[in-house]
Amino acid sequence: MSNNTKGKISTPGMENPFSGMTNASMLSGEEQYDDNTVKILPDVWILKIGGQSIMDRGKSAVYPIVEELLQAKKQGIKFILGVGGGTRARHAYAMGLDIGMPTGALAKIGASIPIQNGRMLQMLMAHEGAIMAYHDDFEKLPLYLNTGCLPIMSGMPPFEFWEKSPMVGRIPQNRTDAGVYLLSEFFGAKGIIYIKDEDGLYTADPKKDPDATLIENANAKDLLASGQDDLIIERVVLEYMQRARHTHEIRIVNGMKKGQLLSALQGEDVGSVIKAK
Amino acid sequence: MNNGETKGRIHVESDLMRESLVSSALNAASEKGNIRRMAPDVHFIAIGGQSIMDRGSEALFPLVDEIVRLKEKYKIVLGVGGGARIRHTYAIGRDLGLPVGGLARIMGGVEEQNRDMLQFLLAPHGGITFVKDHFQDLPMFLNGGLIPVCIGQPPYHIWEPPPEKGFLPENGSDVGLFLMAELMGAASMIYIKDVDGIHTDDPYKNEAATLIPELTVENMKSRSLPDSPFEEELLNCLETSRLVREVRLINGLEPEQLGRALAGEDVGSKLMGSKSRTLD
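Here the protein sequences line up with chains A and B, keeping their order. Start counting the first sequence at 2; every next residue gets the next number (the numbering used here). Start counting the second sequence at 937; every next residue gets the next number (the numbering used here).
No lab work stands behind these hints: they were computed from the structure. Keep in mind that the hints are not guaranteed to be accurate.
Just a sample of chain B residues kept apart from chain A, beta carbon distances all over 12 Å, derived [unchecked claim]:
(1) Asp977
(2) Val1000
(3) Val1004
(4) Lys1007
(5) Lys1011
(6) His1061
(7) Glu1167
The list that follows gives simulated cross-link-like pairs (lysine to aspartate or glutamate, EDC-like), each with its CA atoms no further than 16 Å apart [as the list claims (entries may be wrong)]:
(8) Lys191/A to Asp44/A
(9) Lys9/A to Glu994/B
(10) Lys222/A to Glu1100/B
To spell it out: a stretch of chain B is covered by chain A in this simulated footprint if at least three of its residues, at any positions, have a beta carbon under 8 Å from a beta carbon of chain A; those stretches are [stated by the list, open to error]:
(11) 957 to 970
(12) 988 to 994
(13) 1014 to 1025
(14) 1029 to 1042
(15) 1108 to 1116
(16) 1144 to 1157
Computed from a prediction, not measured in an experiment: that's the story for all the values here. Here a beta-carbon is modelled for each residue, glycine too, at the ideal position from N, C-alpha and C.
Given only the sequences and the hints, what does the whole structure look like? Please build it.
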């Protein structure tokens, strides 16, 4: 502990293992605590509906998934639904880059589109209790879930203006995959499932490369090291998974294949899984 | 604008249409182009929680007087850290087993107290609280001669990413205020703590510690200084930033240092990003 306490306002009872430490040295004050952190909502699934992969296809893709989600809810499966942005977010990023916006400003404008998509889904499922849960509402999630509601959240994390400039380029690195992943990690959720329009991770973008093959058992560490240009999931998710306390695997299901999502929620091994290491 | 349909998706034409934003090649392409600055004449000043605020009137009154004097000449945004009560919050929160996002969610409350105290002192001179939802009102506040006071912590809340080491949030008030300065393309980012700058050792423990007037992040990391006055993550942010490529650390117990720093003098320590990046 620093001796630098002269002239400081002090109150009895404030002394603790971090007292007087600089920000950088506080790690050493942690030694006395155990490594367990509580799970906030351990029986709740975190699901994410892709923006470009699902929402932008319109009803042909969205209606069957909505039906499957409502079926799951009727079976008593609890979940929070996160939503991606998609092609309008890309258009906004393209414009923002063109007019010289920094990363934080791009993240701020990118945040509007997942909310549009979330509201669309809320309208489609309102009759079964769908409700928008904004970033500041998350402490009310237990209420929504226990009263039979279906909370829908923007997938974007609330970083916005505070999104860091990436090492390369200007595109915000924490987008909707990352936002829902961090929700799952915080909640210590039952599991996280990304609903996209592919069976999982391929060696390249299968929409562009006919030789791309499905990678059935991937791990985050190898994937990041592989140098593969394109991935089905944001890179930061693969980084976070390796330091996570709770969410050490993510599942990707193909929302275009009827029944895959429901099977995954019932514990079947469908789609593909990426593990931390 | 042309709307095209590809494989069942309704697209809006743009450079990024159908592209995966994850693609390394695409990200590399977005490196080019100038970034415009929103507030190139504004100085962001961080006031330490433990180092300044917790000293109370003894440290705050002279510093506030100096800030009031300097705001006639400079556009200033102030940010505050949490200090002793943040550490107490961490101690209780860790003992209860709260995850990192839980700690990040509750720590802001302490900074809000400090923000309100600083605003209280500055109120007769135009001090106002400056909150997230009013960031885009900044030009109005500054043109009105006001002194916006905000909290430093970024609003990551429960979305605070898992840290590389340990269980505490990596993104504290040093990082948050830096990110604001970077977003705004600010004129400078100045940290006010209770040391003259970055030293070879903790100057309060070791009398032989000497001041390092200028160093890069790489220098700082390779020296593995025993008691860095900065959050570790601030160093990472300085390596990737585009607009604000250096920060200065000065001593708030000698308030005249602030005027010298704002005038661009070499006072305290200057910490710089190691690699050059495209600047506007």
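Hints versus structure:
1. For Asp977/B, the shortest C-beta to C-beta distance to chain A comes to about 17 Å, beyond the 12 Å cut-off, and the non-interface label holds.
2. Against chain A, the non-interface label of Val1000/B holds: every CB pair exceeds 12 Å, the least being about 16 Å.
3. With 12 Å as the threshold on Cβ separation, the claim that Val1004/B sits away from chain A holds: the shortest Cβ distance comes to roughly 22 Å.
4. Under the 12 Å C-beta cut-off, the non-interface status given to Lys1007/B relative to chain A holds; the minimum distance is some 23 Å.
5. Remark: the non-interface label on Lys1011/B is consistent with the geometry, its nearest Cβ contact in chain A lying 18 Å away (cut-off 12 Å).
6. With a minimum CB-CB distance of about 23 Å to chain A, His1061/B clears the 12 Å threshold, and the non-interface call stands.
7. Distance check on Glu1167/B: its Cβ comes as close as 4 Å (rounded) to a Cβ of chain A, failing to clear the 12 Å threshold; non-interface status is violated.
8. About 5 Å separates the Cα atoms of Lys191/A and Asp44/A, which keeps this hinted pair within 16 Å; it holds.
9. Our distance criterion of 16 Å between C-alpha atoms is met by Lys9/A and Glu994/B, whose separation comes to about 9 Å.
10. Only pairs whose Cα atoms come within 16 Å are accepted, and Lys222/A paired with Glu1100/B is accepted, the gap being roughly 14 Å.
11. Counting residues of the region 957 to 970 of chain B whose CB lies closer than 8 Å to any CB of chain A gives 13, which reaches the minimum of 3, so the coverage claim holds.
12. Counting residues of the region 988 to 994 of chain B whose C-beta sits closer than 8 Å to any C-beta of chain A gives 4, which meets the bar of three, so the coverage hint holds.
13. Look at the region 1014 to 1025 of chain B against chain A: 4 of its residues bring a Cβ nearer than 8 Å to a Cβ of that chain, three or more, so the hint holds.
14. Three residues within the 8 Å Cβ limit are the bar, and the region 1029 to 1042 of chain B against chain A gives 9, so the coverage statement holds.
15. Residues of the region 1108 to 1116 of chain B with a Cβ under 8 Å from some Cβ of chain A number 5, which satisfies the need for three, so the listed coverage holds.
16. Under the rule that three or more residues need a Cβ within less than 8 Å of chain A, the assignment of the region 1144 to 1157 of chain B is violated, with 0 such residues.
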